[in-house]
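Working from the sequences, and respecting the hints, build out all of it.
Protein chains in written order, with our numbering: chain A, 1 to 188; chain B, 1 to 188.
Do not rely on the hints blindly, as some may be mistaken.
Copies of the same chain look alike in the list, so a pair counts if it fits in one copy or across any two.
[Stated by the list, open to error] Calculated pairs, EDC-like style, for lysine to aspartate or glutamate (alpha carbon to alpha carbon, straight line, at most 20 Å):
id: 1; residue 1: LYS132; residue 2: ASP78
id: 2; residue 1: LYS73; residue 2: GLU55
id: 3; residue 1: LYS3; residue 2: ASP166
id: 4; residue 1: LYS102; residue 2: ASP155
id: 5; residue 1: LYS73; residue 2: GLU149
id: 6; residue 1: LYS73; residue 2: ASP166
id: 7; residue 1: LYS3; residue 2: ASP93
Think of the hints as simulated: they come from the structure by calculation, not from any bench.
Please read all numbers here as calculations on a predicted model, not as lab measurements.
Single-letter residue listing:
2 protein chains.
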Amino acid sequence: MSKILLDVALIHEPVVNRRGETIGSAVTNLDLHDIARACRTYGVDTYWVVTPFAEQQELASQIIGHWVDGYGKKANPDRGNALSLIRLCSTLDEVIAATRTKWGTEVQVIATCARPQEDTIGYREMQRRLEKQQPALLLFGTAWGLAPEVFTSVDSTLPPVNGSGDYNHLSVRSAASIILDRLVGERV
Amino acid sequence: MSKILLDVALIHEPVVNRRGETIGSAVTNLDLHDIARACRTYGVDTYWVVTPFAEQQELASQIIGHWVDGYGKKANPDRGNALSLIRLCSTLDEVIAATRTKWGTEVQVIATCARPQEDTIGYREMQRRLEKQQPALLLFGTAWGLAPEVFTSVDSTLPPVNGSGDYNHLSVRSAASIILDRLVGERV
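Below you can see the structure in the form of structure tokens.
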């Protein structure tokens, strides 16, 4: 596949907890690492980590700095290569504005969800749009997923990653990896 | 897809470190959780966690017990549902023997690797074998991957998960999720 224009955003606020209440979640180390490594593998341009909490941004910044500029760069340069894709941002609106500026055009904002949503776009259709180099921003929610208000503001939502039954509790790290593979990977 | 006869084994010994030396690695909490959740999603029968170290087995056992029988069962039953797929084992030979006994027949042992190997089997061919209900055991290596001696004893190896470039440093959690999706998932 030729170069794609795809960004990923991991949203920590607004997301829902297990009771469906809107919350802000904490940044976790492996969400940064695993999703950055998948983003680098599949040619994602920027991996946005979205949290409005200054302390959480500071924590993420320290982790990224260790691997991109600090001792980690020497110990495992492949890891810094992946984590250098990360940009920290406070709100989804800021991310959308930044991607529009970067690509100089409108950007399709596509949500993901473990539960079926309205206005879904199939994986193959999304793949075709990426092949046509239409810029896209793919949103993943931490905790129990993106808050309802996010779905009303996006262009489309990808269908849930269904396996072989009705269990749909993948980690966001697994879901992001699988969805990037479905959109960009080539099975051989 | 009808029921598949597929097990997954996560190998902690023998694997290689970044210098290619054969080592035993440590069990990590999120390898248990993320891969168990992916296994449950894709209908895997047993998720074998292989380590010869008694302390590591004890640690894994405590984590699993918390979610399957302890407080975690009440707090998040979906998690226990996934972690209940895990069986601890000391060696790969024990796992192979146990899967043969379970299914009453020979079992294809298929390795995975980020580097190209000989005797590879394509994803589509592997998918066809699973659809024909041929029992299979899929091996994933922790650290820098399975030790060379493992590849000489398996039936085949799946090709590396290639993205859009030459970066091939996915986490084992991501790789296992993607490979299960390629073998069992259905894109819509």
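Structure-based check of all given hints:
no., hint, in the structure
1, LYS132 - ASP78, "neither (29 Å within a copy, 39 Å between copies)"
2, LYS73 - GLU55, "neither (24 Å within a copy, 32 Å between copies)"
3, LYS3 - ASP166, "between (35 Å within a copy, 13 Å between copies)"
4, LYS102 - ASP155, "within (19 Å within a copy, 48 Å between copies)"
5, LYS73 - GLU149, "neither (39 Å within a copy, 31 Å between copies)"
6, LYS73 - ASP166, "between (42 Å within a copy, 19 Å between copies)"
7, LYS3 - ASP93, "neither (25 Å within a copy, 44 Å between copies)"
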